[in-house]
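Visitor: Sequence:
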Amino acid sequence: MRRPLILDRFLPYRLSVASNAVSTRISNTYRKRFGLKITEWRLIAILAEHKRATPASLGDATRMDKIAISRAAAALIERGLVAADDNPADGRSHFLSLTDDGRTLYAEIAPLALATEAELFGGFSAEEHDLIDSLLRRMESAAMNAGS
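In short: position in the sequence shown from 1, add 7, done, that's our numbering.
Any given hint could turn out to be false.
Unchecked claim - Straight-line distance between alpha carbons at most 27 Å, and here's what the computed DSS-like set of lysine-lysine pairs gives:
hint, residue 1, residue 2
1, K58, K44
2, K73, K58
3, K39, K73
If you are wondering where the hints come from, they were derived from the structure by calculation, not from laboratory data.
I would like the entire structure built from these sequences, with the hints used as guidance.
Guide: Dropping the structure here:
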């Protein structure tokens, strides 16, 4: 006998709800204090780690669609936080990188992001934190490999 679909027990729904709750919490802080949308913050964080990236590689890293990346990048370029340079290997693409102002902003936001994460995990043991990370990575891998 099949079990009924109950959204509150359906993992994709629970993951979405949890993700939205965390993203909203973080987004409210970034928007109020820094005038950033969550998509803009994600691009800044990825560019801080990778120094330079194409919009396509940013899409792969963040799982955001091309339109969201394009809008976020345009807003960050307009604010002077991100620079766009020609990609000599592909005339249709370009490289994005943080400007000095972008790196300064990242240096201010990163400790707040880590503090928010620590607060969210305040009720979890280190082992539980590691387990959540491991399980989420396995779930992501299973989702990406499904149907392959």
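Visitor: Of the hints stated earlier, which fail here?
Guide: Every hint satisfied by this model.
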